[in-house]
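Below are the chains, spelled out letter by letter.
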Amino acid sequence: MALRNWFLPHKDTHKKAHLISWEAMLVYVLLFMLLQVGFSITVYTKPGILGITGSIDQKKLIELTNTEREKKGLGKVVENDALDKAAKLKAENMFSENYWAHFAPSGKTPWDFILGSGYHFTFAGENLAKNFYTSEEVVTAWMNSPTHRDNLLNSHYKDIGIAVAEGVLNGQKTTLIVQEFGTTELLATKPVVEVSGKQVSVPVQDLTNKPQLVEGATQVITSKTLLDPYKFSKSAGFSVIILMAILLTLDVWVLKRRGVFRISSHHIAHMALLSLAAGSLFMSGPGVVL
Amino acid sequence: MTGIKILAVGILIYLVWALIHHKRDKSLTFAVFMEYLLTALLSIVLLTGVIF
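Residue numbers (my numbering), protein chains in the order written: chain A, 310 to 599; chain B, 112 to 163.
No lab work stands behind these hints, which were simulated from the structure alone.
Where a beta carbon is used, it is the ideal one built from N, C-alpha and C, also for glycine.
There may be inaccurate statements among the hints.
[Stated by the list, open to error] Which stretches of chain A does chain B cover? Using the computed rule of at least three CB atoms under 8 Å from a CB of chain B, they are:
1) 316 to 324
2) 340 to 346
3) 360 to 372
4) 586 to 595
Chain A on its own, in the form it takes in the complex (with noise of 0.2 Å):
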């Protein structure tokens, strides 16, 4: 089997070039598949290799926050301990009952890290974000979720504490990013803890009982994050449409030079959805928020 064959169309027969031939196209789709499939072994059998390493500053969220609030004319949310405290010990209970949510599976609710930090607040609000790369992006997402711009761009709060923490979440490194917002001054409504865009009102219960929550140790990261699996797809996938779009291109050159018809599909179609797919692949990116 002549090496040029795999890149050029056969010189006689003149069929595609094995590269961009379907039988080459199972064979991406099936490599592709196995390495998804080899991630997630992998995030199983050796917590903390796979993850994220992002670059996000506290300071920087909190000063981000307070531009979109600027923005809408909003009064600025400032620094409080109570509250960074609260974020903090959310973020490392989430590590430690390995859990993405609003509410623990243990019970434990947004209002319990409030309190049992020591912010007696009339009305507060949790945004949760993960896998974030910089503090542009986290503040850019909540921006873009209706339900976190609300709550970011709420004109009750006053404070905010937030706590960014690196750990193993379900066997892969993340990066937790809790925003607490509150107020302390007296409201008409009874205390309200606004989460995903609805507002829960805490049960009387809970206030009179403040709940003794303890810092505990985040899960340590014993092994060395070795690969970034969503960067390491995201370049794998940029070099296969690039590769393929060359050799569609060569094989449209080649034919015309040489003159000749054959029943195929169209080159065309199929640089179109490449393309289509490299600017999703572009734009798309393993950041959540919550």
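Please arrange chain B on chain A, whose structure you already have, making use of the hints.
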């Protein structure tokens, strides 16, 4: 998530167009069908690796 929605719509248009075009053209062979199907599948697989 927006990316995958846009791509899903693109794939739907791509496959429907391919079927209609090659059926009319009487050039819808197994190999041609597989090329479209696997290109669509590859686009989805590439993106899901980054999102999920």
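Which numbered hints fail: 1 and 3
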